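J.: Protein sequences, first through last, are from chains W, E, L and Z.
Numbering of the first sequence is given in numbering that gives the first Met the number 0, commencing with residue 0 and proceeding in unit increments.
Numbering of the second sequence is given in numbering that gives the first Met the number 0, commencing with residue 0 and proceeding in unit increments.
Numbering of the third sequence is given in numbering that gives the first Met the number 0, commencing with residue 0 and proceeding in unit increments.
Numbering of the fourth sequence is given in numbering that gives the first Met the number 0, commencing with residue 0 and proceeding in unit increments.
Derived by calculation from the structure, the hints in this document are not laboratory data.
Only a predicted model underlies this, so the values are computations on that prediction, with no experimental measurement involved.
A hint or two may mislead.
Ranges of calculated distance between the beta carbons of each label pair, as one might list FRET restraints [stated by the list, open to error]:
id: 1; chain 1: E; residue 1: ASN146; chain 2: W; residue 2: GLU206; range: 46 to 52 Å
id: 2; chain 1: L; residue 1: VAL140; chain 2: E; residue 2: LEU145; range: 26 to 32 Å
id: 3; chain 1: W; residue 1: SER262; chain 2: Z; residue 2: LEU66; range: 53 to 59 Å
id: 4; chain 1: E; residue 1: TYR159; chain 2: W; residue 2: GLN302; range: 20 to 26 Å
id: 5; chain 1: W; residue 1: ALA35; chain 2: Z; residue 2: LEU66; range: 39 to 45 Å
id: 6; chain 1: W; residue 1: ALA81; chain 2: L; residue 2: VAL482; range: 41 to 47 Å
id: 7; chain 1: Z; residue 1: LYS76; chain 2: E; residue 2: LEU166; range: 53 to 59 Å
Stretches of chain E that chain L covers, calculated by requiring three or more beta carbons in the stretch to come under 8 Å of a beta carbon on chain L [stated by the list, open to error]:
id: 8; region: 38 to 47
id: 9; region: 51 to 59
id: 10; region: 138 to 145
id: 11; region: 162 to 173
id: 12; region: 178 to 185
Glycine included, each C-beta is placed from N, C-alpha and C at the ideal position.
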Amino acid sequence: MQHFISPVLWQFLIKWLTYFAIFPPEASTIAPYADALYFFLVAISAVGLGAVIFLVVYFSIRYRKELNPVATQIEGSTLLEATWTIIPLILFMVCFVWGALLYFRIYSPPTNAMNIYVVGKQWMWKVEHPGGQHEINALHIPINQPIQITLISQDVFHSFSIPAFRVKREAIPGRYNTEWFEATTPGTYHIFCTQYCGTLHSQMIGEVVAMTEEDYEAWAAQSTSGNSLAQNGERLFASLGCNSCHNSGPNAHGPNLANVYGSHLQLKNGSFVTADDAFLRDTILNPTMHEVAGFAPIMPTYQGQVSEEGLIDLVEYIRRLDTQYRIDQTIDNSAGQPIQTGATPPGTSAPALAPGTVKQ
Amino acid sequence: MDSHTLAAQTSETAHIEHEHPPFLRHHFASVEQQRETATFGMWLFLLTEIMFFGGLFCSYLIFRNWYYPAFVVASHSLHLWAGTLNTTLLIISSFTMAMAVHASETRVRKALIGWMIATIILGCGFLCVKAYEWHDEWVEHHVPGLNFSPQGFLHGTHDYPDDKLQLDMAEKTQVYFSLYFAMTGMHALHMVIGVSLLSFLLFQAYGGKYVNGHVAPIENFGLYWHFVDIVWIFLFPLLYLISRHQ
Amino acid sequence: MSTIVTLPDQRTATLPKVSYLNKEYGLKSWLLTGDHKRIAVLYLISITFFFFIGGAMAGLIRLELLTPPSDLLAADTYNKVFTAHGIIMVFLFLVPSVPATIGNFVIPIMVGAKDLAFPKINLLSWYLYVAAGCMLLWALVSGGVDTGWTFTTPLSTHYLNTHVVTAGLAVFVAGFSSIFTGLNFIVTIHRMRAPGMTWFRLPLFVWSHYAASILMVLGTPVLAITLTLVVLERTIGIGVFDPTKGGDPLLFQHLFWFYSHPAVYIMILPGMGVISEVMSTFSRKRVFGYTAVAFSSVAIAVFGFFVWAHHMFVMGISSYSALVFSLLTMLVAVPSAIKIFNWSATLYKGSITFETPMLYAFGFIGLFTIGGLTGVFLGSMGMDIHLTETYFIVAHFHFVMVGGMLMAYLSGVHFWWPKITGRMYPEGVSKLAAVITFVGFVLTFFPQFILGYLGMPRRYAAYPAEFQVLNVFSSAGASVLGVGYLLPLLYLTWSLKYGKIAGSNPWQATGLEWQIQSPPLTENFVETPIVTHEAYDYEWLESKKENEVPTVG
Amino acid sequence: MAEPQHHDEPTKHEEHIVSPKIYLAIGTTLLVFTAITVGASLIDLPGDLNAVVALAIACFKMTLVVLFFMHVKYSSKLTKLTVAAGFLTFVVLITMTMTDYISRAWGRW
Ligand code: HEA
Ligand code: HEA
Ligand code: CUA
Ligand SMILES: [Cu+2]
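Generate the whole structure from the sequences, applying the supplied hints.
T.: See the structure below:
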């Protein structure tokens, strides 16, 4: 066959047959929901467009000059006017409500989601698993497990998009943003940076590898870098001198951080906040913006002293501190011994956690 | 609704009654229509000016909410007396400008010239005080981007011994000063344009113009001048006053 | 209530001896003119120039995207090319397209005035436009800009070393050009109407320009101040948008889109005005629901100011305000739907002919409806998450801007060409061009919807191989489209010399501009017209012909 | 001048010449209120009252300038509408942007 047509065309035909797709794979729990709305929108668009085309074509044929040499002047019709105001309005409102429900579904992570940090920079994605696995432009995840991505950029806007999962969110400099998904089908899917971020924007792509539970465990075990994020954070905590105030001792200057993650704090100005990742990160950098009631405003800023990854380590460390946890004790522990590999921070009395599971 | 259109009709009659003054442009039916049109055009231009400054005011409000302590302390570093003096100068200049328009309407050449000169002097006075303040801020290292340093906000000042910010918040005064310079800078730019235009109008008035019923240029310039005054009327409390006691 | 209209015999038509074109001669008489018609012609020439530059950039984009890797253009060149394409097409072509050319030419005549209210400001507006164009060309020639047309901070302020400041100032200047055009229109429409020309006798073209002008006057200054801040941030280093200094990059997005969303209605409303005129003229019928169409223009202008954050749904704005903006987005879509249905209904019981402007208008209706409805996809927050920043958006805005506004613009140019030049263009080839444009357009941009849903991101110099087939379609379509746009350039130029003489009212249209000679006199009217009939009153036109009442000079 | 009986407003708006006495009165009032607002800023008022007072006085001063110095009191409905449109759009810009900033903290209590 290929002898009969030009090689270029042949190549093209092959490509066509191999690659031609008009619909992306549905690989997350969200995807069917998004696609349902998509089909609904396509359907009402088809109806609306069909109606318009029908009117235009039918009238053009029926009332063309040869058939209808005399135009009849018509003012308008309030009834018709109301009809084509109200029908589209109702349809659009349905789109709005449906779209809003989908939006909140896509952007409200379930509480048992496993948290993975992603830092965007020109022009790569740095992925940090809580177990200490680092990846660049790749993201390994288990299927059937909700994954929350905590996103931040260290320079310009980026956007972390996985079309097969129908999720996307922008990585903003200076602030955590989150998205979540739950993969359903093992496979390799695209990660795209979808916010224009400079010269190599189109190279800021990567792959999500969705794996079965066992494959993932295996991968996690063999690609760990030795220290979990929390362990790194613990060291940083000590070396930055955080423990001189946050030491839960009787004369501590700073609050005990043990069960601070996820709690509701009252600020000096009377308002309440939930101590989430974004809050923790921000208090390290801008302590005066979030002065917690009952403590003197003495915390210095660590702006410019900790990298974005360091901050992630600290946040991860603080979020894993649990009620019984004694900071000074940890420091004793980690000062002497070599740190063991593994997902659990040493000295934690809490039971071993699956890598990355958020403990609430 | 019809009334608009009929305006043109009546002006038509006006056109017949009066001979053409030299300043009536060909596409207008009457002086009346020309003047009305010019005024309306000027108002629309001021509308764009509202939105132009609007963007800045909007940013100011957002950041003030956000970095409240920094805004308070940074505002303390401005000279209240300079702001008050400038407000006074501008308000008086608005008054003199209004009188200039009046002089033009009543066709008194001497008064017109006098009021215009007074306005120019007051405008220049404003700019001088502003320049002094900017110089002061330069010396204090408060100019964002060029020589900014948060040091002055860490330890309190003579007048405000409590103005001790932590370093992170002290850094945020840079946002305040960014907006301060953007806002007062844009305002001063408008003043400079205003003074230049007014000098040109003065030159023409000196040559005998604007006292023959051709009021529109003076009147519209007056609108511009008052608008610039209004912007300052808001900049003054926002930048200088509202944080005096926090 | 019926109208027969016979087209006038064009063989007997003659070119008037004196017209605005030959009243004065010489370059100087053009460059210093205050005549709105001459300024319109100046604008026509300059925006055509920039359209083809922008088009050439589009050609480069499509050539590069023919193959997956970035082989024809390096990534940074590609970025400069689409940035130039976007900035030129939006600020130097589409925003001034209909208003500054056709609007400038016919609005004063339509309202029965001798000129716009401020002829000098009108000329100034053209010079500002030219200055902006030169600055942008300078930025391109001396190395280019690669911010994207949206100037996103902090990329534009801190991470690029290209000519962002020049380009930003160019857009600033272009903005003032558009402010002055809008200001002039509003004042003219309010203050310069001929006796008897009440608001509800105004052609819908004037209404839609009035609405667009409101947007220009109120929206553009916000863009101006935003770009000023960007420039200050780049040059001096102030910290309003810079997160490292405590500023907020999202504030830039708010301020930018506060202008740029209304700007999309600046871009479409004048086109809608053209469609009203054309649909009415070629079905010899009053526009169905005149008041509804007029008020929907105003409604679009007013609601257009309330929806800007739908460009920021995934950017980290609060979910609650996303809700509000999504809801309002749905509301602003309704007036457009009203218009589309009214135009369709205008055909009912008309006496329809299919001249070139009408073909383009049909193209507008079909393509704008698709573009608008896909806008509703983007307005539903949840759907937008998947679609934003993909080719779905690229397809959406090309459908509304190219399929909508550009079609409307071409429709208008063909419709008023006999009035502007006094000559007809060759009918056959112009119809052919309209059809080619339509086919080329659909081939170029329809595949991009599919690409977008597949997830292909926009502003990508290179893309994964599986997207190639659809991209090849798109590039093929673009070359067809290119031909479709080159043809009018050729035959319209040709017609300047060889076209048939058109006569004053070749389409038997009702607007005041058609009741005077073509090309018109510098003063438009011999004596100020007194208007006694509604817009689109074909019976009046007929009676006028029968009795030869010289109502209009 | 033409009798403007058909104009938007039955008043003789454009020809209205405001007397210098009014200008003087307005000018003095403005100066007095400048003094008041500076004085008020020196007193420590409870809560945000300082800001409220200062802005209220600024608004009042603006109103005086707009109405008298800028002749809006004597101008056509069209001018009044224009001024109103400007402030309205300004308010839209501010309130809608603020809704975003304020509600960002919602759901995080
Ligand atoms: C001329 C320009 C133009 C016009 C008119 C529009 C019109 C609309 N646009 Fe579009 N838009 C752009 C130009 C335009 N847009 C551009 C340039 C961008 C991208 C900018 C960038 O990021 O670079 C954009 C992006 C954009 C986004 C942001 C996407 C994102 O970044 O994530 C959104 C989201 O809501 C949107 C929505 C809409 C809507 C709802 C309309 C509505 O006004 C459409 C209303 C019309 C209709 C709805 C069709 C007619 C209706 C019928 C015939 C009814 C029949 C139907 C039924 C009965 C069901 N547009
Ligand atoms: C009015 C607005 C307008 C118009 C008319 C067009 C017209 C076209 N656009 Fe454009 N486009 C935008 C506005 C517009 N575009 C905007 C705002 C963007 C976003 C930019 C950004 O992301 O920042 C964009 C982006 C954009 C992209 C996405 C780039 C990317 O994200 O990577 C693409 C890709 O296909 C594209 C294609 C086209 C094509 C094929 C045409 C065709 O319709 C053009 C057809 C015309 C011609 C082909 C010209 C014909 C003549 C010649 C070719 C002769 C040349 C002559 C000489 C050299 C002397 N455009
Ligand atoms: Cu990162 Cu695009
Ligand atoms: Cu929009």
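J.: Work down the list of hints and note, for each, if the structure agrees.
T.: Status of the hints after comparison with the structure:
no. : hint                            : verdict
1   : E:ASN146 - W:GLU206: 46 to 52 Å : holds (47 Å)
2   : L:VAL140 - E:LEU145: 26 to 32 Å : holds (31 Å)
3   : W:SER262 - Z:LEU66: 53 to 59 Å  : holds (55 Å)
4   : E:TYR159 - W:GLN302: 20 to 26 Å : holds (24 Å)
5   : W:ALA35 - Z:LEU66: 39 to 45 Å   : violated (58 Å)
6   : W:ALA81 - L:VAL482: 41 to 47 Å  : holds (44 Å)
7   : Z:LYS76 - E:LEU166: 53 to 59 Å  : holds (55 Å)
8   : 38 to 47                        : holds (count 6)
9   : 51 to 59                        : holds (count 7)
10  : 138 to 145                      : holds (count 3)
11  : 162 to 173                      : holds (count 3)
12  : 178 to 185                      : holds (count 4)
In this structure, the one hint that does not hold is number 5.
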